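Student: Sequence:
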Amino acid sequence: MEFWPKKENFKKVIDIINRFKLEYKLKIKIKKNINKETNVLKINSEMAKKMLNWYPKLSFQKTLDYIIAYEKSLEQNKEPYKICLQQIEEYVKSK
Numbered sequence: 034m035e036f037w038p039k040k041e042n043f044k045k046v047i048d049i050i051n052r053f054k055l056e057y058k059l060k061i062k063i064k065k066n067i068n069k070e071t072n073v074l075k076i077n078s079e080m081a082k083k084m085l086n087w088y089p090k091l092s093f094q095k096t097l098d099y100i101i102a103y104e105k106s107l108e109q110n111k112e113p114y115k116i117c118l119q120q121i122e123e124y125v126k127s128k
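Read the sequence shown against this note's numbering and you will find it ends at 128, with the numbers running on by one and no gaps.
Just so you know, not all the hints are guaranteed correct.
DSS-like, lysine-lysine: derived pairs with alpha carbons at most 27 Å apart [to be verified]:
| no. | residue 1 | residue 2 |
| --- | --- | --- |
| 1 | K54 | K90 |
| 2 | K54 | K111 |
| 3 | K82 | K58 |
| 4 | K62 | K115 |
| 5 | K83 | K111 |
| 6 | K60 | K126 |
| 7 | K60 | K83 |
Treat the hints as calculated values from the structure; they're not laboratory data. These numbers come from a predicted model, not from an experiment.
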C-alpha cells in the first residue's frame, strides 16, 4: 500500500513559504541549502481513508488559513484556547 499522494497533489515547500511571506510581509531571501531536503511535501491521507474511514475536512489552503490566523492571534496575545474555540465555531458554522 502506498502512503504518498499522486504527483498532482504535491505541495511545494516554496509555495508555503511564499504564502507566509505574503501574509506576514516578510522580506527574507531563501538561500540554497547545503543539506539534503525535499522541495515538495508529500503528505497523504489515503491510508487513513482506507483503514480508518477518515477524510480531511479542510482543503490544504483552508488549513494554511487557519494556521496563519492562529499565529497572528497569538502575536496579538490572545489565548490559544479561545483562538481554537473561535476557529472551531467558524468551521462548524461553515458546514
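Student: A separate judgement is required for each hint: does it hold in the structure or not?
Tutor: Status of the hints after comparison with the structure:
As the CA atoms of K54 and K90 are separated by approximately 26 Å, the hinted pair is consistent with the 27 Å bound. Note on K54 and K111: the hinted pairing holds, with a Cα-Cα distance of about 22 Å set against a maximum of 27 Å. About 37 Å separates the Cα atoms of K82 and K58, which puts this hinted pair outside 27 Å; it is violated. Between K62 and K115 the alpha-carbon distance is near 34 Å, which puts this suggested pair outside the 27 Å criterion.
With a CA separation close to 38 Å, the supplied pair K83 and K111 exceeds the 27 Å bound. Note on K60 and K126: the hinted pairing is violated, with a Cα-Cα distance of about 36 Å set against a maximum of 27 Å. Of the pairs offered as hints, the one joining K60 and K83 is violated, with about 42 Å between alpha carbons and a cut-off of 27 Å exceeded.
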